[in-house]
Amino acid sequence: MRSERYIPYVLILPSVLFLLLLFAWPLVEALLLSVRGSGGGWTLENFQRMAADLYFRDALKYTLLLTVVIVPLQVVMALGMALLLGSISKGRDLFLYVWTIPLGISDLAAGIVWLAIFTERGYLNSFLQGIGVIQQPQLWLSYETPMMIFVAVVAAEVWRATAIVFVILVAGLQLIPKEYSEAAEVFGATPWQRFRKVTLPLLMPSLQVALILRTILALEVFAVVVVLGGRNLPVLAGEAYFWYNTYQNPGVAAAYAVIILGISVVATLLYLRLLRSRQDGVA
Amino acid sequence: MAGIRVESIEKTFGKFKALSGVSLEVRDQEFVVLLGPSGCGKTTLLRIIAGLEYAERGRVWIGDRDVTQLPPRARKIAMVFQNYAVFPHLTVFENIAFGLRMQKVSAEKLGAGVERAATLMHIENLLERYPAQLSGGQRQRVAVARALAVEPEVLLMDEPLSNLDALLRLEMRAELKRLLIESRTTTLYVTHDQVEAMSLADRIAVMNTGYLVQFDEPMKVYQEPANTFVGGFIGSPPMNFLRLPVEGRQARIQSLALDLPTGVSSQEVLLGVRPEDLEAHTQQQPQSFPAEVLVVEPLGPHLLLTLSFGKQHIKATVPPDFDVRAGQTLWLRPQPDRLRWLDPSNGQAIPMR
Amino acid sequence: MNLRLLYLLLAVVLVLWVLTPIFLITTLAFSDRASVFAWPKGFLPQQFSLETITFFFGVEGVWKAIRNSLVVAAMTLAFSILLGAPAGYALARYRFAGADSYRVLILLTRAFPLAILAIPLAVQFINLGIYDTPFGVALVHTALALPFAVLVTSSLFLGIPKELEEAAWTLGCNRIQAFLRVVLPLAIPGLAATAIFAFVISWNEVFAATLLTLRERTLPAFLLTSLNDSPLPFRFAGGFFLIVPALIFIFIIRRYLFTLWGIANR
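Chains as they are written, first to last, in the numbering used here: chain R, 21 to 303; chain B, 3 to 355; chain G, 221 to 486.
If you're looking for bench data, these hints aren't it; they were derived computationally from the structure.
Glycine residues also receive a C-beta, built at the ideal position from the N, C-alpha and C atoms.
Relax, there's no trap hidden among the hints.
Chain G stretches covered by chain R per the calculated footprint, using a threshold of three residues with CB under 8 Å from any CB of chain R:
| # | region |
| --- | --- |
| 1 | 423-437 |
| 2 | 444-454 |
The calculated lysine to aspartate or glutamate pairs, modelled on EDC-like cross-linking and capped at a C-alpha distance of 20 Å, are:
| # | chain 1 | residue 1 | chain 2 | residue 2 |
| --- | --- | --- | --- | --- |
| 3 | B | Lys222 | B | Asp195 |
| 4 | G | Lys284 | G | Asp449 |
| 5 | B | Lys111 | B | Glu130 |
| 6 | B | Lys222 | B | Asp345 |
| 7 | B | Lys78 | G | Glu383 |
| 8 | G | Lys382 | B | Glu55 |
| 9 | G | Lys382 | R | Glu24 |
| 10 | B | Lys78 | B | Asp66 |
| 11 | B | Lys78 | B | Glu55 |
If we strip away everything but chain R, and leave its shape as in the complex, we get (with noise of 0.2 Å):
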């Protein structure tokens, strides 16, 4: 009976092998990709391409500037609607299942609803010919106006995955004792002191899980621009996703993989070592 020890690897194994293959493998794999030419040998060849590329610099511009836009935005808001959920006694559930409802729609259904209000006869231009500001559609998603479309991929992305980093923080919220909140208003804490004081330290293990997911994500963000901008807003991934479907790249299309990752590392050690909680050592 003291064999039993082995069961539990015979359990994990599976998805062991699973992520060694399809995860850790095609790690290494795009790496080698990525810095092997045509020819077989090592090469820096694709990344040079990649950064001729007219799209390149737009491309990692685009992705950044997106990044530290939508993040922050969606941070503050859904910090905002998991606080406001906690002073809401009535009807909670049903705010907090409509909150939520985005969680369950995809980047590229985001990007068509978005679409059908930034269009050229869409509901934005309505809106604005209803209170009398223009009298003929605008164009808003053309080349011409990257800005435009920026705002609108912000909105989207707002609008889809904000409930993302809500359910996170109402999770993390729920961990933390009431006593301690109380224990602070018993000594004369202000509701603003309360909350700079016990809950946001105590919700920063939830804050870098949502911060290190949502930035991930927003660094391989792709349907939504393609369909609110096409190409006329350039990201990283759909620089990937064009160089290895339209141009049949696939070596710069990895080096551009390569890129996306490094930057993902890069974000995702930056945030454990700034947001490093205290109780880390505890856990």
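Assemble the complex: chain R is given as a structure, and chains B and G must be docked to it using the hints.
Using the frame of chain R, we list chains B and G on its own:
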């Protein structure tokens, strides 16, 4: 029905030695309580007997079967868990029937078995309910009924009453006692509650830090603790231990001299005496020694006194109408036939003779 | 009192923020062609029509894409549960050397945009002959869903007291019987939620699906690749159809949302 025998069981968790060579024998139809503070290894020992843990060394017999290597299902045991472990997705009937169904008994036997166990635990009117619809006490009854239904050779109980509130615990304790006298099932029962142990057990096995310290009838364990640990752990308030100088074959408490058993050669000796075995007087008495009252705690049936004797503290109980105040000096007369002598160097009792 | 009203107002505004775009796309999906192109548009539906929806389903390849999406999502669901639940059970029930390393491996997958890995995989899939098959896409989608499945099922099994299983063992069950008779019935709702979640992840994924297919497109891949040469009504109907199952799924698993995401903290 069968007895249980465990032989020099050793078990470690990582670096922690949970059991250091424990041997124990429970006779057929006997009710033995494993008593000890948390972490003493009592639950581990029970789980090893159940087959839920495996010992690094030692053997376990149930009846004359060596079950050391058998899985729980083959040991013909039943167990009642601390948190009841009643299956929440099954009705009370199905819970009780669970073990019988695993034995694939006939439908009539199954019905009869469930009914017998349910009647024994007075839950025959709850059979259709789900555990969520039951109170803690009722769930407890289901857990015991489920264990009894399989007519185990040995019944193992892991702190079954500890999750009940005080009043219910008292009631269930009396009922368990009645039940187990009736069913005559060999039972090994784990608890950290010394009152529970005293009230239920035929014999108590006191454990501490992975060792079996004393194994005897309740009153023996109470009156003749094997060492300072047992004397301190059993009884509330615990036994007093007074460190006394030895003069010849006597120990001195001020003017009082008490005869020692033979074989004491050390300079000092420990006197173990229960608080109720110290008779308190306001006036000097023969065969007594003076102590100053520090605290008086009225506990209802008696007053609990904390007194100082030199640098040592003594607990004593006196009748509730005894007129005493802090600061007063009382004369304490130990009951001569209730004294226990222990070796101060290792805390072990010195055999009386 | 006023503060309370303000909170409620804010909450309602957020509800409108979430629901209005869904309402608008629904309106468009159930309008006729003329209303979709109308200018200016009214915010309320003009007239109910199935023209747009019918047109969408009439486009060649849509049904095939839907079928592929369902097949891929079903495979992802099955793979995630079959691979993830045993691992979750092991993490929940056993202390074993390597458990922590395994947890790190699972968490590590979160630090990478996994869909991007479709690029190197596409090359390998061609060699292996599973490029442009639902199976190949499902493999990548499983990589996305598996870490979730492991963590969620692990917390799920942790929530089922070990003593229940032990009680079953003492009552005559072997390990498998105890699992089937006691643990599984209690875990089924949570497992179902995990499964649905895996399904939704797959149903929604577009990058890998597009990269790994040519003819055997999933619905998102099909929509994305035909964006440029398809009229607006087609896109809107497609967007609407993508949203509907997701909405239903989220409704079904809403009780488990916090189990699904809350464990991200552990």
